[in-house]
Each structure stands twice: as structure tokens, then as C-alpha cells.
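Student: Each chain is listed here by its residues.
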Amino acid sequence: MTESQGGKQLRLERSGGFAGLLLRASFQYSQLSEAERGAVEQCFQRWPGSDPAAGQPDRFSYRLELAERSALVPEAHWPEALKALLTALRPTAG
Amino acid sequence: MRSYHFIVPPQLLEQRALRGSAEEREIALATLSIDHSIRAGRIQNTLLAGSAQRLQLAVRRGAGRPDRTVFDAKHRLDTHATSVLRTEEGQPAGDAAANQAFDGLGATYGFYWDVFRRDSIDNAALPLLGEVHFGERYDNAFWDGERMMFGDGDGQLFTGFTSAIDVIGHELTHGVTEATLGLRYLGQPGALNESISDVFGSMVKQYQLGQTADQADWLIGAGILGPVMQGQALRSMKAPGTAYEGDNQPGSMSGYVSTASDNGGVHLNSGIPNHAFYLAAVALGGRAWEKAGRIWYEVMVRRAVGPQAGFVQFAQATTTMAASLFGLGSAEANAVQEAWRETQVL
Ligand SMILES: [Zn+2]
Numbered sequence: 001m002t003e004s005q006g007g008k009q010l011r012l013e014r015s016g017g018f019a020g021l022l023l024r025a026s027f028q029y030s031q032l033s034e035a036e037r038g039a040v041e042q043c044f045q046r047w048p049g050s051d052p053a054a055g056q057p058d059r060f061s062y063r064l065e066l067a068e069r070s071a072l073v074p075e076a077h078w079p080e081a082l083k084a085l086l087t088a089l090r091p092t093a094g
Numbered sequence: 001m002r003s004y005h006f007i008v009p010p011q012l013l014e015q016r017a018l019r020g021s022a023e024e025r026e027i028a029l030a031t032l033s034i035d036h037s038i039r040a041g042r043i044q045n046t047l048l049a050g051s052a053q054r055l056q057l058a059v060r061r062g063a064g065r066p067d068r069t070v071f072d073a074k075h076r077l078d079t080h081a082t083s084v085l086r087t088e089e090g091q092p093a094g095d096a097a098a099n100q101a102f103d104g105l106g107a108t109y110g111f112y113w114d115v116f117r118r119d120s121i122d123n124a125a126l127p128l129l130g131e132v133h134f135g136e137r138y139d140n141a142f143w144d145g146e147r148m149m150f151g152d153g154d155g156q157l158f159t160g161f162t163s164a165i166d167v168i169g170h171e172l173t174h175g176v177t178e179a180t181l182g183l184r185y186l187g188q189p190g191a192l193n194e195s196i197s198d199v200f201g202s203m204v205k206q207y208q209l210g211q212t213a214d215q216a217d218w219l220i221g222a223g224i225l226g227p228v229m230q231g232q233a234l235r236s237m238k239a240p241g242t243a244y245e246g247d248n249q250p251g252s253m254s255g256y257v258s259t260a261s262d263n264g265g266v267h268l269n270s271g272i273p274n275h276a277f278y279l280a281a282v283a284l285g286g287r288a289w290e291k292a293g294r295i296w297y298e299v300m301v302r303r304a305v306g307p308q309a310g311f312v313q314f315a316q317a318t319t320t321m322a323a324s325l326f327g328l329g330s331a332e333a334n335a336v337q338e339a340w341r342e343t344q345v346l
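Chains A and B are the protein sequences, given in the same order.
So for the first sequence, UniProt numbering puts the first residue at 1; every next one is plus one.
So for the second sequence, UniProt numbering puts the first residue at 1; every next one is plus one.
Since the hints were made in silico from the structure, they are not lab data.
Predicted, not measured: the structure shown is a model, and the values here were computed from it.
Note that CB positions come from ideal geometry on N, CA and C, so glycine has one too.
You may find that some hints are simply not true.
Unchecked claim - Simulated DEER-style distance windows between Cβ atoms:
id, chain 1, residue 1, chain 2, residue 2, range
1, B, Gln313, A, Ala53, 19 to 25 Å
2, A, Gln45, B, Pro227, 46 to 52 Å
3, A, Ala35, B, Asp214, 27 to 33 Å
4, B, Gln313, A, Phe44, 35 to 41 Å
5, A, Gln28, B, His80, 34 to 40 Å
6, A, Gln45, B, Glu89, 45 to 51 Å
7, B, Glu136, A, Pro74, 41 to 47 Å
8, A, Gly49, B, Val301, 32 to 38 Å
To be verified - The following residues of chain A were derived to be distant from chain B, with all beta-carbon distances above 10 Å:
id, residue
9, Arg11
10, Leu32
11, Glu68
12, Ala84
To be verified - Just some of the chain A residues that point at chain B, by a computed CB distance under 10 Å:
id, residue
13, Gln9
14, Leu23
15, Ala25
16, Pro52
17, Ser61
18, Thr92
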């Protein structure tokens with residue numbers, strides 16, 4: 001973890017699904033476990049950027065944002081190590 | 001010179017293809033290939049592969065009868081579950097979700113067959129496979145190209161997805177779209193893909209209820225909302241943006257949403273073509289599938305637009321199709337054009 005990342009908020013957004021609802025959660029990056037931070041880093045490397053991409057109908061997609069970095073992760077590739085973060089997601093308008 | 005037309009039921013031809021002599025098999029396959037080319041191809045492939053058991057199953061069904069199997073995902077995110085809860089041969093399962101899924105798959109098959117003579121998703125008797133109890137408290141349902149997955153819902157946002165027949169119609173229609181227009185799931189083609197699923201999902205429900213366009217509620221996902229969701233459904237084709245508290249679907253281009261989320265807002269901007277279909281169907285009166293639905297369906301099966309089509313191309317294609325089916329300047333062509341104008345697409 002770099003010093004600049006330590007005090008940052010990790011923002012998570014779930015979009016898509018049949019309902020198309022938008023759910024969000026945010027976390028203090030420094031409070032994530034080492035395994036979780038490692039999985040987040042892997043997401044940034046494997047699924048970088050936040051431009052909308054073509055996907056599979058009605059599957060969820062997960063956007064991660066940390067400072068200037070972002071990742072857009074298809075549901076099928078969401079890491080097991082980050083499964084617990086999904087329980088914090090709550091509906092949000094728009 | 002007199003010509004004769006022999007009308008032999010496809011089932012009989014398939015029996016001959018399976019069990020007849022070499023000559024009978026050749027004649028049967030040739031006949032099948034005229035108007036059942038895909039099915040005949042399957043039979044040929046199956047014969048070549050030597051899997052007679054699978055062929056016998058396909059033959060026994062016959063067109064017009066679904067081939068459904070519902071599996072139990074046992075709360076795992078397993079898209080290849082093998083535990084069977086219900087088949088065509090078996091009795092109703094001791095599992096309400098399995099029975100609802102089975103019935104919904106059948107109702108959707110029945111709608112497409114009765115109205116459009118479409119034999120399953122691929123029009124070639126594709127078996128309809130569903131999985132219930134997908135994931136833990138999973139708040140979604142989707143078609144993955146081979147099976148439809150049903151989550152049980154978390155009890156807060158959603159109470160489950162098997163009870164809403166329009167949801168099942170919606171998901172299976174994603175398969176029909178994939179087999180016909182192949183619309184890319186991004187931006188406007190993605191929103192059209194979504195809208196087509198809502199259009200046909202709603203018609204599956206209306207067909208089951210025997211409703212005319214003006215009797216229908218035009219809601220998508222009514223009855224599956226949990227206590228956290230304040231509203232009556234997830235989407236309203238009649239009045240986009242009013243289905244639940246926080247619904248911000250637009251009903252016209254003035255409200256078009258540019259966003260990176262949800263594959264470019266496919267579930268938001270689908271409200272625009274959804275509303276256009278509603279306007280056309282209500283203006284034409286009667287049952288939605290008889291005119292507006294037929295126009296939309298013909299655009300799909302004739303591949304009148306490409307995979308990257310936007311709203312304008314789709315609007316033009318449906319207007320042209322209406323004129324082709326019902327006549328230039330017909331009430332149908334005018335109603336479709338007016339619906340797209342009212343939604344500010346044309
Ligand atoms: Zn959909």
C-alpha cells in the first residue's frame with residue numbers, strides 16, 4: 001500500500017442486473033485486509049479503466065475507484081477475496 | 001401440368017429420418033430441410049454423431065412443445081448445476097420456485113409458438129434449462145446463453161424472481177435477440193436489447209392474462225419487490241420513471257441518460273423504446289402481439305437492423321416494417337411512426 005492510498009476511500013459500485021439498480025459502498029482502504037488490498041490491486045491491473053464496455057445481458061458489473069485509479073470488473077470475475085465487500089452495497093439514486 | 005403438395009407432419013418425417021430405411025431417411029431429411037432446415041441439420045448431426053438417444057428425445061417432443069428442465073443450484077454460483085428438480089416427464093417438484101420457473105419457461109415458449117410459430121429461443125427446439133436457488137440471497141435473474149438462472153432474492157430488495165412471468169419472458173427474449181439481431185449490449189443497441197426483452201416479456205404476461213393493450217399494466221417486475229423498494233414494479237412502459245421511488249427511466253430523448261454505469265445505461269434508456277412500443281400498441285388497440293408485437297418481431301427475425309443499431313435505425317426499421325406488413329400510409333405504419341415521434345426519436 002502506498003502512503004497516498006492509505007488514507008483514501010475505496011469506492012465500490014454495482015450496476016446492471018435485471019433490475020438495473022445502482023448500489024454503492026465505500027471503505028477506508030487502510031482498513032481492508034492484506035488479502036483484500038491485494039485483490040483490489042489485481043482488479044486495477046486486470047480490469048483497468050471505467051469506460052462502459054459491452055457485456056452480457058443482465059449480469060452485474062462492479063466498478064472500483066481509489067484515488068485516480070479505477071477498474072470495471074464483470075460479475076463472473078469478481079474475486080472471492082472481495083466477496084465480503086458486496087454485503088455493504090446499498091441502493092442509491094441514479 | 002398438375003402439381004401435388006404433400007403435407008407430412010414434421011414429427012412423421014423425423015420418425016422416418018430416425019427409423020426408416022436409408023431411402024426413407026434421405027427423403028425425410030430432404031423434405032425437412034425445406035422448411036425445417038435447422039432441425040434437419042440437428043438430426044443429421046445427431047445421426048453422424050451417433051447419439052440416437054438425444055435424437056429420440058428431440059423427435060418425441062415435436063414442434064410446439066417445450067423441452068424444459070429445472071435444476072437446483074443449491075445456493076452456489078454454479079451455472080452448470082446437475083441436480084434436477086423437474087423435467088417434462090416428472091411430477092411437479094416439492095419446490096415452489098422450481099415449479100414457478102418451469103411454468104414460466106413453458107408460458108414463454110407457448111407465447112412464441114402460438115403467436116409467431118417460433119420453436120423455442122433458436123426456433124430450432126432448443127431445450128429450455130433453468131436453475132433455481134442460484135447463489136446466496138442473489139438479487140438477480142439472467143440468461144447466460146444456455147440456461148436461465150434465478151436468484152432467491154435477499155428478501156429486502158427482492159423476494160425472488162421465479163414468480164414474475166414477465167421476468168422469465170424478458171430473460172428468454174435476450175436469447176431470441178442474440179439469435180436474431182445480435183444487438184451489442186452497450187449504449188443504444190444495448191438499451192434496444194433491453195427494451196426488446198421488456199416488450200416481449202410484457203407481451204408474455206399479457207398473453208397469459210388474455211389482456212388487450214389498454215387492459216395491461218405495462219409494468220415489468222411487478223410482485224418481486226422487497227420491503228426496501230418503495231413502488232409497484234421495476235419499470236413502467238406506460239409511464240417510464242414512475243415504477244418505484246428512485247426510478248429515473250426516461251420516456252423520451254429529452255431525458256436520455258449518458259452514463260458509464262450499466263453498460264452505458266441500458267436499463268435506463270430502454271425506457272424510451274419501451275414507451276414507443278407502448279404508445280404504438282395502445283394506439284393500434286386490440287392485443288399488443290397482433291400488430292405492434294408482430295412488427296417488432298419481424299424486424300428481429302428479418303434482421304432489419306444490425307448489431308450496432310441505435311434508436312433512430314430501429315425506429316426507421318419498425319416504421320418501414322409496419323408499412324411493409326400493413327401498407328404504406330396504413331394506420332399501423334402511422335401509429336408506429338407517431339410513437340417514435342412522441343418519444344422524440346424521429
Ligand atoms: Zn435484460
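Student: I'd like to know which numbered hints this structure contradicts. Please list them from smallest to largest.
Tutor: When the structure is compared with the hints, numbers 2, 3, 7, 13 and 15 turn out to be violated.
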